[in-house]
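Asks: Spelled out from the first residue to the last, the chains are:
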Amino acid sequence: MTIADSPAGSARLDSKVPSGPMSERWSKHKFDLKLVNPANRRKFDVIVVGTGLAGASAAATLAEMGYKVKAFCTHDSPRRAHSIAAQGGINAAKNYKGDGDSVHRLFYDTVKGGDYRSRESNVHRLAEVSVDIIDQCVAQGVPFAREYGGLLDNRSFGGAQVARTFYARGQTGQQLLLGAYGAMNRMIEAGRIEMHTRREMVDLVKVDGIARGIITRNLSNGEYERHSAHTVLLCTGGYGNVFYLSTNAKNSNVTAAWRAHKRGAFMANPCYTQIHPTCIPRSGDYQSKLTLMSESLRNDGRVWVPATKGDQRPAQDIPEAERDYYLERKYPSFGNLVPRDVASRNAKTVCDDGRGVGPTGEAVYLDFGDAIRRDGRAAIEARYGNLFEMYERITGDNPYEVPMRIYPAVHYTMGGLWVDYNLESTVPGLFVLGEANFSDHGANRLGASALMQGLADGYFVIPATIASHLAGRVLEDVNTEHDAFAEAEANARGRAEALMAVNGTRSVDSMHRELGNIVWNYCGMERTAEGLTEGIAKIRDLRAQFWEDVRVLGDPNTVNQDLEKAGRVADFMEFAEVMFHDGLTRDESCGGHFRAEHQTEEGEAKRDDEHFAHAAAWEFQGEGELPVEHREPLSFEEVKLTTRSYK
Amino acid sequence: MIQKTGHGDMKLTLEVWRQAAPGAPGKFETYEVDANEHMSFLEMLDVLNQQLVERGEEPVVFEHDCREGICGSCNLTIDGKPHGPRERTTVCQLHMREYRSGDRIRIEPWRANAFPIVKDLMVDRSAFDRIQQAGGYVSVNTGAAPDAHAIPVAKQNADMAFDAAQCIGCGACVAACPNASAMLFTSAKVSQFTLLPQGQPERERRVLAMVETMDEEGFGNCSNHYECEAACPKAISVTNIARMNREYARASLKRR
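Chains as they are written, first to last, in the working numbering: chain A, 36 to 682; chain B, 31 to 286.
Rather than coming from a laboratory, the hints here were simulated on the basis of the structure.
In this text, all values refer to a predicted model and were calculated from it rather than measured experimentally.
Cβ atoms here follow ideal geometry from the backbone N, Cα and C, with glycine treated the same way.
Careful, some of the hints might be misleading.
[Unchecked claim] The calculated DSBU-like cross-link candidates involving lysine-lysine, where the alpha carbons are at most 35 Å apart (straight line), are:
1. 185(B) / 132(A)
2. 103(A) / 365(A)
3. 78(A) / 103(A)
4. 383(A) / 344(A)
5. 65(A) / 675(A)
6. 600(A) / 111(B)
7. 682(A) / 573(A)
8. 344(A) / 573(A)
9. 132(A) / 573(A)
10. 111(B) / 57(B)
11. 682(A) / 41(B)
12. 185(B) / 600(A)
[Said to hold, decoys possible] According to the in silico footprint, chain A covers these stretches of chain B (three or more CB under 8 Å from chain A):
13. 66-77
14. 95-103
15. 222-231
16. 267-278
[As the list claims (entries may be wrong)] From the derived model, a few chain B residues whose C-beta atoms are all more than 10 Å from chain A:
17. 61
18. 130
19. 148
20. 208
21. 246
22. 260
Hey, can you work out the whole structure from these sequences and the hints?
Replies: Here it is as structure tokens:
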């Protein structure tokens, strides 16, 4: 597909962004929205799929308001959602440090950090509610780091020149999630949330075009279950595991989002993936996942490689003058705290140049020597102790004595299901929250913004915007005897039975790993039209092979982890093709989407605002068919479109 | 780009608990597996499962997710020790360099009446959720919070509350305890809120309700073995149990 035959902006994509001054839009919108009378809320059933930060905060808040909530998670407990693993922190425009932060600055940094590919109004709203999130979490008893005076401490993250990141040692996601989990537990105890653990959503049910329920598979006994409601909220996270190796938890997947996509929800910007610069490098072919080292480490750690190619000396034997602190050299004003996409690409460049370190040559140093000499070991241990320990556990190296070795790894996905300003997808009544939607981070997410977005969507946005659907539409009574439920259940059963029936020779994991290699090689840190085209052919071959040769053993009516994985990998095999197609169509570089054909002389991403200042939302056309592209033009009224510079 | 060498390769014999369903009879099966010292323990089990699938045998069910020591899913007792030989380490963070080629390793799930086995190495830990539901929170509706700086919290208390709040809910404390007590788990949450001003309004109600639920769920009592702290991957201190006991006594007296 070329630009010439790409479709123009589609009438079906109405972002519902309010008019008026940017800083008043969210208030105005909330006032303009219809309300559901508190006494009527108990008449509405709300399904929440996923219990990470977005899902748990939404479920708790909606239940507090009086809605009848049914929540679902695949884990044995909602507390285990992958939000738990977020390390570094959460941004908020509190300006507690008095260093000139404001809602406008957080908004500006996030739009710029996203390389001008996010929706301004959403980002502004995010910055506005960021301050309320911190208040809420502190009131819940989230033990954020504090100073000796008893007030909250902050640190800096990439892409910002102020300290606005709140944190709980290196376990901020854990503490925030446990706060939201507690809020949910309170509502479960009160009988206002019906919690279903070990359930996987396997299909979305639409009645008269509106999302009215889901089909789940009970992972303990294989039973298929029907659940009806007045609205469905997907809070099911990102699709990073399409790469097989990523920092995501092993069970994170695209299945709920993908199956909703097949029922009519458009998938937006799937090629926007975030490669995090500071992860522990791979060590072998058996590797099952990659481990992130928090970006907060770049506050004190200095990134370097040997100045000359093939320098095999141990780090400590390389004198200062023969080291290349390439981020500090190239980006003097942001230094080691450049945004993630920039830091990752630079690591790849120096490694491709033959200056990478470690046994594989795919690593750079993150060195705390200077910080330890300056502040003392105790100070560094207080800041990063648990991260250093985690590094030591995995690598066997002691980072207090030798520099860490790090390399970029897939971490987060900015793309996701398309949603309007109300977080409603193209399927009426289906809302998408958190990483599962596409809305706030554009082509690159800044550090400490994922936790902010998940909680903003769940605690503050959806509780207001859900009324647009519940009070705004006439919703007939629907129960699970409706034909649409029978059809969806049969569809989900059929897919699982087909997987069991293949009875081939290859394990699910081996084929997932092969898919991951294709996606990493052709749609990873650097993409080309040629590579993406070649990748699509390879994905199609592999998908065909999968359905001929996969081997899923065991009983489908007990716990069957291979069957669970097989269903998810089958969806990744379909999803990957849309991701590549999106990357091929987006014939520019922006943020995490680096098309090698489009770069400046200095090797930075070169955007094409004239042709690509839009979100691309893909409509499903059938398995193996090319999806149809719809575009939402992005206008930049407050933040002027400029070339991003961190020099 | 990954270097393939024979360096660090090892051969192991595993004895793995296999059980088809809840209540079904289970037994240890013996497997030979080729591993490498750079693998994590769970990657070694991945290799075993790959071998089993290739042979047409059903793979071993085990719980895992984040594989970075924070989600609390993994729950293996290795050679009698919950989470294996290395202290303050979950199974997923345990690496095979702790073992030598030729080792024989016995792997079983948590053993506790309150954690019934679901299949193979997977257990049902929903009792933990029910303890939390009884009171492991501050009752504050969204949007009703004062400014975060309205109430300063002494750094020392915030740090201690954090230390307690680090619990990952894995259940190793229960598995390690000769009485299968959940006192460390329950006391960690009680302590977190006892140490913070936000926890004060519900201080008595919380501890009474959580302890009551803990007892109802069939967990045993604490008789000061301290095996829980030794097994805890987050090194949650037994001083939390002492604090909970004080809180419980105080709340019981106050309620009278």
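Asks: Now, for every hint given, state plainly whether the structure supports it.
Replies: Hint by hint, here is what the structure shows:
For the hint linking residue 185(B) to residue 132(A), the alpha-carbon distance of about 17 Å falls within 35 Å, and the restraint holds. About 54 Å separates the Cα atoms of residue 103(A) and residue 365(A), which puts this hinted pair outside 35 Å; it is violated. Proximity of residue 78(A) to residue 103(A) is assessed by CA-CA distance (about 7 Å); at most 35 Å being required, the pair is judged to hold. Between residue 383(A) and residue 344(A) the CA atoms are separated by roughly 14 Å; this keeps the pair inside 35 Å, and the hint holds.
A threshold of 35 Å between alpha carbons decides the hint, and for residue 65(A) with residue 675(A) the separation of about 27 Å falls inside it, so the pair holds. As the CA atoms of residue 600(A) and residue 111(B) are separated by approximately 29 Å, the hinted pair is consistent with the 35 Å bound. Under the criterion of a C-alpha separation no larger than 35 Å, the hint pairing residue 682(A) with residue 573(A) is inconsistent with the structure, at around 39 Å. Annotation: proposed proximity of residue 344(A) to residue 573(A) holds, straight-line Cα distance about 34 Å (limit 35 Å).
Distance restraint check for residue 132(A) and residue 573(A): the Cα-Cα separation of roughly 52 Å exceeds the 35 Å cut-off, and the hinted pair is therefore not satisfied. Distance hint between residue 111(B) and residue 57(B) is fulfilled; the C-alpha atoms sit about 18 Å from each other, no more than 35 Å. A C-alpha spacing of about 52 Å is found between residue 682(A) and residue 41(B), which places the hinted pair above 35 Å, so the restraint is violated. A hinted pair counts as satisfied when its Cα atoms are at most 35 Å apart, and residue 185(B) with residue 600(A) does not qualify at roughly 45 Å.
Beta-carbon proximity to chain A at under 8 Å applies to 8 residues in the stretch 66-77 of chain B; the threshold of 3 is reached and the given coverage holds. Beta-carbon proximity to chain A at under 8 Å applies to 9 residues in the stretch 95-103 of chain B; the threshold of 3 is reached and the given coverage holds. Counting residues of the stretch 222-231 of chain B whose beta-carbon sits less than 8 Å from any beta-carbon of chain A gives 5, enough to reach three: the coverage restraint holds. Look at the stretch 267-278 of chain B against chain A: 0 of its residues bring a Cβ nearer than 8 Å to a Cβ of that chain, fewer than three, so the hint is violated.
In this structure residue 61(B) is separated from chain A by more than 10 Å, as the shortest Cβ-Cβ distance comes to about 15 Å. Annotated as non-interface, residue 130(B) keeps its C-beta farther than 10 Å from every C-beta of chain A; the closest such distance is 15 Å. For residue 148(B), the non-interface assignment is contradicted: its Cβ lies about 6 Å from the closest Cβ of chain A, within the 10 Å cut-off. With a minimum CB-CB distance of about 25 Å to chain A, residue 208(B) clears the 10 Å threshold, and the non-interface call stands.
At roughly 14 Å from the closest C-beta of chain A, the C-beta of residue 246(B) stays outside 10 Å, upholding its exclusion from the interface. Non-interface status of residue 260(B) relative to chain A is upheld: no Cβ of that chain comes within 10 Å, the nearest being about 17 Å off.
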